[in-house]
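Participant: Going by numbering that gives the first Met the number 0, the first residue of the sequence shown is number 0, and it counts up by one from there.
It should be emphasised that the hints constitute simulated quantities derived from the structure, not laboratory data. Among the hints, a few may not be true.
Stated by the list, open to error - Calculated cross-link-like contacts (lysine-lysine; reagent style DSSO-like; alpha-carbon spacing at most 27 Å):
no.: 1; residue 1: Lys97; residue 2: Lys83
no.: 2; residue 1: Lys104; residue 2: Lys83
no.: 3; residue 1: Lys91; residue 2: Lys119
no.: 4; residue 1: Lys91; residue 2: Lys105
no.: 5; residue 1: Lys108; residue 2: Lys129
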Amino acid sequence: MRVKEPIILIGSNKNRLLPRFVTFSDSQFSSLFSRNTTLQTYSFKHQLFLMNDPLDFEVEDDLLKFPPIKNKRKKVIGLDDLLKDHYREQDKLLEKQKRQTKAKKKAKKNKSSYDDGDSKEAKLTRLVEKCHNQLKAFGEDQEIPPWGVKVFGDQKAFPPLDFPDFGSCNLLQSFLNNKLNSIVELTSDKGDIFLEGLLANGWLPKLAFLCGHVEKPVAIWAFNMMLYSSKEELQNSSCDFWCAILSFKEVDQLTVKIDWFPEYTDLRSALDIYGFLFKFSSSADPTSSDSDIGGPPQNIRAWIRFVSACCLIRSQKTIFSNAEAEEIVEIIICLFLDRQFQGLLVLLNDCMQAIVNYFTDQEWCSSCENIAKFIACRVSKDLNCVQAVECVSEVNSRCKQLKRAIAFQTLLSCFDGVNSGEEVLRSLAAINFKDKSCDFFKMYIHLVLTENWVLSNSLIGDNSAIYEMFCLFIRHCSSLISVTDLRSYASKVRHRASYLLHFSINNLVASAIEVVFACRLA
Numbered sequence: 000m001r002v003k004e005p006i007i008l009i010g011s012n013k014n015r016l017l018p019r020f021v022t023f024s025d026s027q028f029s030s031l032f033s034r035n036t037t038l039q040t041y042s043f044k045h046q047l048f049l050m051n052d053p054l055d056f057e058v059e060d061d062l063l064k065f066p067p068i069k070n071k072r073k074k075v076i077g078l079d080d081l082l083k084d085h086y087r088e089q090d091k092l093l094e095k096q097k098r099q100t101k102a103k104k105k106a107k108k109n110k111s112s113y114d115d116g117d118s119k120e121a122k123l124t125r126l127v128e129k130c131h132n133q134l135k136a137f138g139e140d141q142e143i144p145p146w147g148v149k150v151f152g153d154q155k156a157f158p159p160l161d162f163p164d165f166g167s168c169n170l171l172q173s174f175l176n177n178k179l180n181s182i183v184e185l186t187s188d189k190g191d192i193f194l195e196g197l198l199a200n201g202w203l204p205k206l207a208f209l210c211g212h213v214e215k216p217v218a219i220w221a222f223n224m225m226l227y228s229s230k231e232e233l234q235n236s237s238c239d240f241w242c243a244i245l246s247f248k249e250v251d252q253l254t255v256k257i258d259w260f261p262e263y264t265d266l267r268s269a270l271d272i273y274g275f276l277f278k279f280s281s282s283a284d285p286t287s288s289d290s291d292i293g294g295p296p297q298n299i300r301a302w303i304r305f306v307s308a309c310c311l312i313r314s315q316k317t318i319f320s321n322a323e324a325e326e327i328v329e330i331i332i333c334l335f336l337d338r339q340f341q342g343l344l345v346l347l348n349d350c351m352q353a354i355v356n357y358f359t360d361q362e363w364c365s366s367c368e369n370i371a372k373f374i375a376c377r378v379s380k381d382l383n384c385v386q387a388v389e390c391v392s393e394v395n396s397r398c399k400q401l402k403r404a405i406a407f408q409t410l411l412s413c414f415d416g417v418n419s420g421e422e423v424l425r426s427l428a429a430i431n432f433k434d435k436s437c438d439f440f441k442m443y444i445h446l447v448l449t450e451n452w453v454l455s456n457s458l459i460g461d462n463s464a465i466y467e468m469f470c471l472f473i474r475h476c477s478s479l480i481s482v483t484d485l486r487s488y489a490s491k492v493r494h495r496a497s498y499l500l501h502f503s504i505n506n507l508v509a510s511a512i513e514v515v516f517a518c519r520l521a
């Protein structure tokens, strides 16, 4: 009899049940019973094993598998292990103490370096205060404003730009009566728009040259567009139109007949509308921007160009009187003093040359002195008066004469009771530079004005006394002002005087050489 039954085997090395399939023979089966083991017992155990054994679907499901139970092995702790743990804890404590000690040293070092920085800063502060106190002993610095005058204020409303008289304009009537008007479709109410197109495209001056005639309505309309139009294109085109028709190819002969010329009152009223201050104050701060509405419009460019063009036709048409031309020169110099016109210096220089050459030789001497006296009285005695002199370029003899006249009249206004150049130079040479009350800023202004008066005057060479007194004055400024004098403008006076002294010596040497050569040639 062979029975294939699972039994329970208890291994000596593993405390778990292992399913085994064993085949019993008849003798083996009987021997089992001979050991006081009955089939009933094994059958019960067999049933118990089958109850504990997982089902087939449980074996296949990984989620239902329980992890094996690991029995922790109890370890016996000996004396050596206790000593090792003790020494390990001691090492940790020592390392912790070392880290704390290092942190304390680092914090202390940072604090000491911070204290050193504070001490250095305190020393530097004390040194700066000491230097500041020493500078105060020489005299406190003056707050000297830069040059610049605000010559424009609030603008007024511009006049309307309507065409003055459309019916009397033969130019427009010829277009209306032309058979080609059906293409252009020009009407009486669109005359100004039609003229604007001709002006912007450059056809209006071509028509004027073709006809050889500019009618009064067209001239007035173009003049108003030039001075009061808000469109920059129309401003420039109108100015180009007037500059073109005012030019002439032959001597004393205009190429175009012009029925209407503007007067100076028209130009002056335009400046008044622009906001020009005919009685400005040069004491105001030119760099302040309290009001955004101050300043000239863009039309001022066309105004300057038109004045230059009017001055070029003096031989054919006298537009300005002597007094009006003098006032224009004064206005141009005032525009030089406004920092807003720094971008128009070339335009202003061209206008200055044109208006200066507008006078005849008989008129210029008296007009030049009148202009110089006006500028000397109106401009304040600061850097503005220096700028008023230096803005006049020395491109021709008349500009040089105007430059030295303004400088001389300004010098006379700086000294009370002085009426001649010799008295001015004697007053300057008598100044005590060692006196603490000496104003080097005024000294600098006097030096620049004297330089422009003496060195720009070719007639000074005939009066050697003035030239010698001027050289003595600049020699005093160069040698008597110490290098260590830290008062305001002291160094500027010394440096400028040293340069002028070197310049004057070179001129004397050159003059002596010219005299020697002249004697040898004679």
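Participant: Could you work out which earlier hints the structure fails to respect and list their numbers in ascending sequence?
Facilitator: Numbers 2, 3, 5, in rising order.
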